[in-house]
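Participant: Sequence:
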Amino acid sequence: MLEENEISALEDFTTATELLEDITSSLSGEQYTTASAVLPLYMKIKNNLQNKDEDSSLLKSIKSEILESLNKYESHPMSSNLQLSALCDPRFRLNFIESLEEVKKLAVAKMRNIYTTQKTSNPDNFENIETWTKEQNKKGLAKFFDVFGSNSNSENTRNPSQEAEKELNEYLSMPRVSFEHDPLDWWKVHYESFPSLKVLARKYLCIQGSSVASERVFSSGLRHMEEQSSMIQRERELRREEEIRREESRRAEEMLLRQQQEEILRNDLRRRQEESMMMGGPPGYGEMMDRDVSLRGLPNLGPPSPSKGLPPIAGYGRNGTIPELGMGMPPVRSLFTIFYFQ
Numbered sequence: 186m187l188e189e190n191e192i193s194a195l196e197d198f199t200t201a202t203e204l205l206e207d208i209t210s211s212l213s214g215e216q217y218t219t220a221s222a223v224l225p226l227y228m229k230i231k232n233n234l235q236n237k238d239e240d241s242s243l244l245k246s247i248k249s250e251i252l253e254s255l256n257k258y259e260s261h262p263m264s265s266n267l268q269l270s271a272l273c274d275p276r277f278r279l280n281f282i283e284s285l286e287e288v289k290k291l292a293v294a295k296m297r298n299i300y301t302t303q304k305t306s307n308p309d310n311f312e313n314i315e316t317w318t319k320e321q322n323k324k325g326l327a328k329f330f331d332v333f334g335s336n337s338n339s340e341n342t343r344n345p346s347q348e349a350e351k352e353l354n355e356y357l358s359m360p361r362v363s364f365e366h367d368p369l370d371w372w373k374v375h376y377e378s379f380p381s382l383k384v385l386a387r388k389y390l391c392i393q394g395s396s397v398a399s400e401r402v403f404s405s406g407l408r409h410m411e412e413q414s415s416m417i418q419r420e421r422e423l424r425r426e427e428e429i430r431r432e433e434s435r436r437a438e439e440m441l442l443r444q445q446q447e448e449i450l451r452n453d454l455r456r457r458q459e460e461s462m463m464m465g466g467p468p469g470y471g472e473m474m475d476r477d478v479s480l481r482g483l484p485n486l487g488p489p490s491p492s493k494g495l496p497p498i499a500g501y502g503r504n505g506t507i508p509e510l511g512m513g514m515p516p517v518r519s520l521f522t523i524f525y526f527q
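The sequence shown begins at 186 in the working numbering and counts up by one.
A portion of the hints provided could be inaccurate.
Unchecked claim - Each computed EDC-like pair below joins lysine to aspartate or glutamate, with the alpha-carbon atoms no more than 20 Å apart:
no., residue 1, residue 2
1, Lys231, Glu259
2, Lys257, Glu283
3, Lys229, Glu365
4, Lys245, Asp197
As the list claims (entries may be wrong) - Just the calculated beta-carbon pair ranges, DEER-fashion:
no., residue 1, residue 2, range
5, Cys391, Lys231, 21 to 29 Å
6, Lys290, Tyr258, 21 to 29 Å
7, Gln418, His261, 28 to 36 Å
8, Leu291, Ala194, 41 to 49 Å
9, His261, Glu188, 40 to 48 Å
10, Cys391, Glu355, 18 to 26 Å
11, Gln445, Gln418, 38 to 46 Å
12, Arg443, Ser414, 38 to 46 Å
13, Cys391, Ser414, 17 to 25 Å
14, Lys231, Gln418, 45 to 53 Å
15, Ser346, His261, 48 to 56 Å
16, Leu441, Met464, 32 to 40 Å
17, Asn280, Leu407, 34 to 42 Å
18, Lys257, Asn280, 20 to 28 Å
Hints were generated in silico from the structure; no laboratory data involved.
Glycine included, every Cβ here is placed at the ideal spot set by N, Cα and C.
Kindly produce the complete structure, drawing on both the sequences and the hints.
Facilitator: In structure tokens, the structure reads:
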């Protein structure tokens with residue numbers, strides 16, 4: 186049974202790591218945006234792990250160790266991508282970013298490049314991306330009247346940097362979105378209003394906040410391969426078992442055929458012995474034939490041919506001659522011939 190100090194230590198550890206477990210589960214999703222929430226959740230962890238007066242010495246030590254291990258991620262090469270991802274998320278924008286001006290400058294620089302690229306690729310039909318996009322989506326009377334003020338000389342003379350700053354400021358000034366709202370649904374509605382920022386959103390909101398999703402894919406693939414391998418192995422075992430059964434069946438058939446051949450051979454030898462005794466063969470001739478057959482062994486004669494009758498007996502020549510003993514078997518005569526000539 187646990188002692189009181191051990192129970193207290195477990196409670197302190199649970200208090201310090203409970204939030205980490207919830208955040209890890211949240212960032213492990215696959216059906217929603219996760220990278221944009223990394224920095225806001227990191228700020229939440231840092232605030233939650235601050236030491237309090239009522240904390241025990243063990244709990245303070247645990248919090249300090251966790252914070253020290255997390256500090257190395259502040260200067261991570263991916264930090265700029267995470268900042269831009271949070272900026273493109275209408276739920277966060279710049280609310281959870283410490284270096285606001287640096288992130289804005291970085292975003293404006295990337296948006297300016299997008300403006301320049303688009304303007305270069307469409308030199309004949311493009312004055313600025315915002316005007317071009319709105320002109321393409323005009324309907325009804327808007328096709329004939331300048332409801333957007335797109336022909337204003339002041340807007341036509343803005344350079345790409347001014348266009349990027351204007352678009353970013355408009356985005357930051359929009360109403361805040363609830364945390365339960367899907368940022369991708371928000372961009373489906375407002376993408377026409379932010380022609381260059383939507384490019385950044387499409388690029389950075391698709392990043393996964395953790396490697397759990399990709400690891401899950403590899404684990405699923407490995408499990409599928411293992412299942413396929415097990416199925417292949419099982420098929421091989423079934424084929425091997427089938428081959429063994431066929432081999433056993435073949436051997437059983439061969440054994441049965443051999444027994445039938447041996448029985449036919451014994452009956453033939455017994456018939457010849459009886460005929461030899463009836464025709465007055467030398468004494469002990471039948472026993473000598475049995476002994477010779479037992480010494481030679483019963484051969485595997487194979488299935489008899491219907492057209493040729495039984496195959497010849499191994500070790501015997503024509504008319505039953507035994508070359509080693511210099512003895513021969515008299516020709517077989519019918520009982521009618523024997524009794525008639527007597």
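Participant: Where does the structure disagree with the numbered hints, that is, which hint numbers, in rising order?
Facilitator: Hint check: 7, 13, 15 fail, others pass.
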